[in-house]
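Please take these sequences and the hints and turn them into a complete structure.
Order-wise, the sequence lines are chains V and L.
The numbering of the first sequence is the working numbering, which starts it at 1 and goes up by one.
The numbering of the second sequence is the working numbering, which starts it at 400 and goes up by one.
Honestly, the hints are just simulated from the structure, not real lab data.
Mimicking DSS-like on lysine-lysine, the simulated pairs with C-alpha atoms at most 27 Å apart in a straight line are:
hint, chain 1, residue 1, chain 2, residue 2
1, L, Lys579, V, Lys134
2, L, Lys472, V, Lys271
3, L, Lys472, V, Lys145
4, V, Lys169, L, Lys472
The following residues of chain V were derived to be distant from chain L, with all beta-carbon distances above 12 Å:
hint, residue
5, Ala71
6, Pro222
7, Ile351
Yeah, the Cβ is synthetic: ideal placement off N, Cα and C, and Gly gets one too.
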Amino acid sequence: MQMYDLPDPRGHFGPYGGVFVAETLSHALDELRDAYERCRRDAAFMAEFHYELKHYVGRPSPVYHAKRWSAALGGAQIFLKREDLNHTGAHKINNTIGQALLARHMGKKRVIAETGAGMHGVAAATVAARFGMKCVVYMGSEDIKRQAQNVYRMKLLGAEVVPVESGSKTLKDALNEAMRDWVTNVEDTFYILGTVAGPHPYPMMVRDFQSVIGEECKLQMPEMIGRQPDAVIACVGGGSNAMGIFYPYIKDEKVRLIGVEAAGEGLASGKHAASLCAGTPGVLHGNRTYLLQDANGQITETHSVSAGLDYPGVGPEHAWLKDQHRAEYVAITDDEALKAFSDLCRLEGIIPALESAHAVAYAVKIAPSMPKEKALLVNLSGRGDKDMQTVAERMGIKL
Amino acid sequence: MSRIAGRFAELKAAGRKALIPYVTAGDPLKASTVPLLHGMVEAGSDILEIGVPFSDPMADGPAIQRASERALKNGIGLSDVLGFVKTFREKDNLTPVVLMGYANPIEAMGVEKFVAAAKVAGVDGVIVVDYPPEECGPFADLCGKAGIDCIFLLAPTSTDARIREVARAGTGYLYYVSLKGVTGVKSVDVAEVAAQLPRLRAASKLPIGVGFGIRDAESALAISKIADAVIIGTRIVQEIESAGAEHAVARVKALLAPIRKALDS
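Rendered as structure tokens:
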């Protein structure tokens, strides 16, 4: 891992990634790749990106030592990377700022996005408002029912939310529909993809924009404890917050990287969203990666209490890190995540997003058996305000 | 010579243009597909494209998405589709058959197993929408060795470099997507297609089929004057959807007959 320079020029991470799209999209992706290659080497572009991250998003986000909670668990010290404190309440905005700047650079006046729980849709609508662009968000009609508040937030921000009625009417179908829009309106439209999946250059580009999370941690952890953490833990749906915090640590092999997938009602139940733990390689949404699929290669429906992890694929770089044994991937059930959610609320006064609660729950599993000098860094990728309805329902409370 | 090349050679000698209809396998019922294939040949089709249903048909418009969903509800997988071809071949050993679909069902079966089974079933060509030439080298080689044509798409946005790459990798025919977007949403712009085809002709000697947005005899005739084949998908799938299983064959034949007549006029 000393020479980690993936992906290759065509977007491959070993056998994963690539550009598996219809010819109608090839040219748009070539254009995007060329524009991004220019911008990432352009000091003025990167300076503007970091200016926005500082003054609009509120970066750097702090690392917080959860002392009461660590003491209660009686083992390793737990540190939380506070992405929940970002503008819009999650890590998603790091990427949407980057892509909106790129869209503006390319002269595109209209942006589109897919969303599951609505967090990426909100982050896309936010930057579209910030930069004066027209914004259309595709969202599965099932998700629209589950996330009414985020739908309203997007509309307040001036975005048009288009319900997607095809397939399972969830995130994967929203992504299909956004791709169809892009193919049709490619001249004036920029597709702001929300995760490290999709065809090249998206997995690389989204990772690069999100890696500000890990870059900050690499400076913050030595300030706090005089060294890097023993392990970095992050939840994985598509995998953008995890890639963002893992990437700067990949070459540092002393640091364990642990990705936490959604086990839903348990891996054995079949009702989960754990593509890396329980899936097999295949081709979906423009890249080769681990997928949840049936024997005929049809993509299967997923389940998780957290809509943001409810995706049947995963970013191709995670697939590669898994096969190389550089990162470990584990899964946490709905019940375990909800328990961690409650504990973090009561012990530390922090309400985590249900997605992030999966990473928190895994720290709960391993911390007690580790010595007190060990340090676990958990990416608290978002805040839980959006999940009040879901959590209350699970607890049998009517709001 | 492959069945596809042979068919284009015959047509050229006769001064005729190819009519290539598309149906999604297993739509509306599992039992519908083989009679539809025979019916389309009776109505004057030259080559048949059979869609392999997929849960996430990213390049298709609403009509073909719905057809795919109906087929999946009927439990249709890639091995069923190969079964349809095998059954079709019992009565028709002449009409070329092309499978069109997405990469994942093929990878789930295994590319070697798929190519071998397709050969045995009597498949002549494959169009894998999300397999561009640079991502499917081993698959294209296997198809080549089995004598199965690999047909690639080209679009109005394709660069000259891209056209050369497809011309090098492709066999059978070139599938020119006549418009920007997904299948069947807009109507074809004949002048726009006419302006683009010389770039394809300069790069490849393969016959050119034009699809996406051809809906009737008039648009088919206009396209046939500049291309070698007219490909009709969405319009047929819509006809099947509105006709229902009982009347599907008769309605599709009635749809294709005037188009065939126009092409031969």
